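Undergrad: Single-letter residue listing:
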Amino acid sequence: MANKSVSKTAGTKKSFVDRMGGQQFIVLIIVIVMFIFFSAMSPGFRKYTTVVSILDYSYYIALMAIGVTFPLLTGGVDLSIGTGLICYSLIGGLLVRQHGMPVAVGMIVTILIGVIFGIINGCLVALMDLPPFLATLCTCMITRGFGAFVVGGYGIPWPAAGQDGGWFRSIFKIQVGGQNIPIGFLWILLLVAIMSFVLNHTKMGRYTRAIGSNKEATRLSGVNVKFYHIMAYVICGLFAGLAAIAYSAIFATVQPGSGAGFEMDAIGGAIVGGVSMSGAVGNVTGTLIGVFVICLLKTGLPFIGLTANWQQIITGFVLIVAVLIDIFKRKKESGK
Amino acid sequence: MGEVILTMKGIDKSFPGVHALDHVDLEVRKGEVHALMGENGAGKSTLMKVLTGIYKKDSGTITYEGKEVEFHNTREAQDAGVVIVHQELNMLGHLTVAQNIFIGREFKKGIRIDDKKMNEEARKLFDRMHIDIDPKETMSKLTVGKQQMCEIAKAISHEAKVIIFDEPSAALTEAEIEELFKIIRDLRDQGLGIVYISHRMDEIKVITDRVTVMRDGAYVGTLITKDCTKDDIINMMVGRVIYEDPKTKNMTPKGSPVVLKVDHLNAGKMVQDVSFELHKGEVLGFSGLMGAGRTETMRALFGADPIESGDIYINGKKVTIKSPQDAVKHGIGYLSEDRKRFGIVVQKSVAENTTMADLDEFSNGPFINKKKEKKVAEKFVESLATKTPSVDQLVVNLSGGNQQKVVIAKWLTRNCDILIFDEPTRGIDVGAKNEIYKLMNRLAAEGKAIIMVSSEMTEILRMSDRIVVMCEGKKTGELDISEATQENIMNMATREIN
Ligand SMILES: Nc1ncnc2c1ncn2[C@@H]1O[C@H](COP(=O)(O)OP(=O)(O)OP(=O)(O)O)[C@@H](O)[C@H]1O
Ligand SMILES: [Mg+2]
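Residue numbers (the working numbering), protein chains in the order written: chain D, 546 to 881; chain U, 834 to 1331.
There's no promise every hint is true.
Said to hold, decoys possible - In silico EDC-like links for lysine to aspartate or glutamate, alpha-carbon gap of 20 angstroms or less:
1. U/994 with U/1042
2. D/748 with U/939
3. D/877 with U/1320
4. U/1181 with D/761
5. U/1181 with D/674
6. U/1151 with U/1110
7. U/1181 with U/1141
8. D/771 with U/1279
9. D/877 with U/970
10. U/889 with U/845
11. U/1080 with U/1311
12. D/760 with U/1096
13. D/760 with U/909
14. U/900 with U/992
15. D/748 with U/948
16. U/950 with U/992
17. D/748 with U/947
18. U/1087 with U/1060
19. U/969 with U/953
20. U/969 with U/954
21. D/748 with U/953
22. U/889 with D/761
23. U/957 with U/939
24. U/1082 with U/1316
25. U/1207 with U/1225
26. D/771 with U/939
27. D/876 with U/1141
28. U/974 with D/871
29. U/949 with U/965
30. U/1080 with U/845
31. U/1087 with U/1313
32. D/877 with U/1141
33. U/957 with U/967
34. D/874 with U/970
FYI, nobody ran anything at the bench for these hints, they're computed from the structure.
No experiment lies behind these values; they were computed from the predicted model shown.
Could you build the full structure based on these sequences and the hints that come with them?
TA: What follows is the structure in C-alpha cells.
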C-alpha cells in the first residue's frame, strides 16, 4: 500500500516546455527573438553577409563550447581552452610557414597538441586531485606563454585562400558564384550530433555525467573513474584543437598573447544553454544554442550602436541570469 | 546452512591514529544470514570494505570459495560475486533508476548503450523482488526507501554469491523492512551467503542465523542466533546490559506552559493543515511512515522551506520564521535526519563542527578562540562518548554513529529551548542510543522542549510523552503515551492510505 502512494506521484506530468527540451527550447526562442530584434533595429544586420560573419565568428566558440561541456558535466571546468587555442594554432602555423610543412600536417599537429594539453589537464585533475579551476588556470598561463615563446612574439598568418595550402580555409567557407557559403555550420551540426550521441548513448557520456553527479558512488560502482575523468578533458582538448583550426581558417593572422577570454564566451554559451556549473546536467545541443546567444550579442550589439564595453557588460548580465536560473532549478529539484 | 563460502582470518587494519581492525575473524556459509554486530566505530564497515577491496588490509587472509583471494577494488569483488550495499546511499541522483543499477556494466549495442534493454532488465529485477519502481524515473525523485531498494536490486543483479548489507534498514519504514526481509530470505534460500549489519536487536533475532560480534576493532565471538538472547549479544558488544524502559506515563510536569504552538500550518503537498502544541519539558514524538510529511513539517517550522499559511507562536507570542536564522534566534534547534547533507561538514574536524552553529560564542571579535573551541568540543566528546582519537580528527573519518553524535553536540552548544531531533538515532548502536535517550530525557527534565521525529516504533514508545501521528502530509492523530500502542499508532499512520 505504501507503494501505491509513491507510484502515484512518480509519474509526474511534463509541461510543454519540458517535453520540447526545457531550457534549450526557451533559449532557442530567445535566439530567434534576438535575431528578429536586431534585424528590425538595424538594416545593416539583416544582410546575408552579416549572417555569414556571425557564423564565421561562431565556429571556434562553438567548438570550444562543445568540448568544455564535458569537463563542466563532470563538475569541473577548463579555463585553458582560449589561450590554448591560440597556442596550438601558432605552433601548427609555424610548422607550415617556416618549416614548409604541408597544411594538413600543420592541422594534425595543431589538433594533437590540443589533445596533449587535454591529457595534461586531465591528469592534473583526475590523478593529482588539483581543483579543475586551478589546474586549468595554470595551463592557461602556460599555453599563453608557450605559444608566444615558440613563435618569438610574431603573429602567424596561415596560408590565405588562393595561396599554396589555402584550401583549408574552404573547409568552413566556399565561394559559389561570388557568394560565400558558410559550410562550416554543417560541420558544427555534424559534430554536435556526434557528441550528442556520445553524451547520451555511450559509456563515455554516461560516466561523464555520473562523475558530475557523485564521483565516489561512481567509483564504488566499479567504474574506472580516473580514466573517464581524464577523457572528459581530453575531449575538451581535442575540441580546443579543432577550434584552433577554425580560428586559423577564419582569421587572417593569429596573434600570440591573445586568446584570454575566449574561454568565457564558450563556457558562457554552455551555461546559457543549460549546462549546470555543478555538473551532470546539460547537453551539447543546448550548448550550441547558448553559443548563438553569446555570438548574437557580440555581433548584434554594435549594429544598434553599442560599443564593445557595452557588449561585455550585457554579456556579463546574461551570464548572471543564466547561472541564477540554474541555481533556481536545482533548488526546486532538491526542495521538492 | 550449507558449506563455508567465505572466511576472513586475522584481518588487521590501521588508519593514522586508529587501530580499526585487530585480527578479526569472520566465517560466512552458503544459505545463511550472518549478523555482524558491534558498537559505533567497532569496525564493521571497515571489515566489509577490506573484504570488497575498498581498503587494503595490513595483514590476514581472505578465503573465498576455497581459494585465497585479495580484491583490489569493488569491480574485482563484484566480478567474483561479492557485493556490498553501502551504509551511506551511493546513488547518482541525476541518472535514472536503471542507469544506476547497471552503471559500470551497461548493456550495449555496438558502441551505443542499450537503455531499453536496461529498463527491461531492471523491471525484471523489481518483479523478482515484488516491488514497483519505474526504471525510467530519475533517482533523486524517489524516496530514500525506494532508493535503498534500488541499491539492493543493483546488488542482486550482480549474480552475487555473497551480499553484504551495511545497515540497510536505517532509512526504511516498517513496511519496507518487511519487503527487505522477504527479499533477504529469498536470497538465502537460493544459497547465497549474506552478511547483515544492523543496530536493531529485533531485526537480528528475526532475520539472522548467526551473529558475529566485534568490539573496539577486535573479534569477540560468534553465536547461533536462535540459541542466544538479546542480552547475550548486547553483553558481548558492550560488556554490560543496558536498557531504558519504555515510558508508561506522561512525564511532563502538570500545568507546564506551552512553548510552541503551531496553528494550521501549510507548506506544500507534504504539510497540510498541521496543528500541535509543545510544552516545556516535554518530549513530543512524531510518528508515521516514511514520506508522511514529518520532516517537511519540521523544515517548514525551522524556516528551511517556505511556509504558505498558518501561524507559529512561541511562548504565546506570534512569530514570523522565514529562515533558519529566524528559527535559531527564537531558540529552535534542528538536527537533520540527513546529517551528511545538512548536519555536518565532513571535511572539517570534530571541534570545528561542534562549534559551527554558535561561532560567536567562541570568537573574540573576528578571531576564533581555538582553545575554548577545543575545550568545549572535548567536553562533548566525553559526555556523548564520541569515539574519535582527538577533536582534531576530520569528521569524514568517524563511523556513522559517531558522526551523529557530533551533530548533536553542535546543537547542544547553542542552548536552544526547543530542540527538534529528526531520526536522532538512525544508524546508532544500542549503547550510544541509550546515551542519546538519556540525554534527551535529561534535557527535557532541565526544561527544554523536544520534538522527536522517529520511524522506529520502539523509540517512539520509549521516549515520547505525547505522540503526533502523520500520514500523507496531514496530522491523523494525537495520543498520550498512556494510551499509545503499536497498533493504534499504525492505524493512524496508514489512515490516509487506502
Ligand atoms: N578512512 C579512515 N580514516 C581514519 N579512520 C577511519 C577511517 N575509516 C574508519 N575509521 C575509523 O575506524 C573505526 C571503525 O570504523 P567503522 O566505520 O568500521 O565502524 P562501524 O563499526 O561501521 O560503526 P557504525 O556502526 O557507526 O557504522 C572508527 O574508529 C573510525 O573512526
Ligand atoms: Mg558502519
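Undergrad: The structure should be examined with respect to each hint, and the outcome stated for every one.
TA: Hints, one by one, checked against the model:
no.: 1; hint: U/994 with U/1042; result: holds, 17 angstroms
no.: 2; hint: D/748 with U/939; result: holds, 8 angstroms
no.: 3; hint: D/877 with U/1320; result: violated, 37 angstroms
no.: 4; hint: U/1181 with D/761; result: holds, 18 angstroms
no.: 5; hint: U/1181 with D/674; result: holds, 18 angstroms
no.: 6; hint: U/1151 with U/1110; result: holds, 13 angstroms
no.: 7; hint: U/1181 with U/1141; result: violated, 36 angstroms
no.: 8; hint: D/771 with U/1279; result: violated, 53 angstroms
no.: 9; hint: D/877 with U/970; result: holds, 17 angstroms
no.: 10; hint: U/889 with U/845; result: holds, 10 angstroms
no.: 11; hint: U/1080 with U/1311; result: holds, 16 angstroms
no.: 12; hint: D/760 with U/1096; result: violated, 43 angstroms
no.: 13; hint: D/760 with U/909; result: holds, 19 angstroms
no.: 14; hint: U/900 with U/992; result: holds, 19 angstroms
no.: 15; hint: D/748 with U/948; result: holds, 11 angstroms
no.: 16; hint: U/950 with U/992; result: holds, 18 angstroms
no.: 17; hint: D/748 with U/947; result: holds, 10 angstroms
no.: 18; hint: U/1087 with U/1060; result: violated, 46 angstroms
no.: 19; hint: U/969 with U/953; result: holds, 10 angstroms
no.: 20; hint: U/969 with U/954; result: holds, 12 angstroms
no.: 21; hint: D/748 with U/953; result: holds, 19 angstroms
no.: 22; hint: U/889 with D/761; result: holds, 17 angstroms
no.: 23; hint: U/957 with U/939; result: holds, 16 angstroms
no.: 24; hint: U/1082 with U/1316; result: holds, 9 angstroms
no.: 25; hint: U/1207 with U/1225; result: holds, 8 angstroms
no.: 26; hint: D/771 with U/939; result: holds, 18 angstroms
no.: 27; hint: D/876 with U/1141; result: holds, 17 angstroms
no.: 28; hint: U/974 with D/871; result: holds, 18 angstroms
no.: 29; hint: U/949 with U/965; result: holds, 18 angstroms
no.: 30; hint: U/1080 with U/845; result: violated, 43 angstroms
no.: 31; hint: U/1087 with U/1313; result: holds, 14 angstroms
no.: 32; hint: D/877 with U/1141; result: holds, 16 angstroms
no.: 33; hint: U/957 with U/967; result: holds, 11 angstroms
no.: 34; hint: D/874 with U/970; result: holds, 18 angstroms
This entry does not satisfy hints 3, 7, 8, 12, 18 and 30, going by the numbered hints stated previously.
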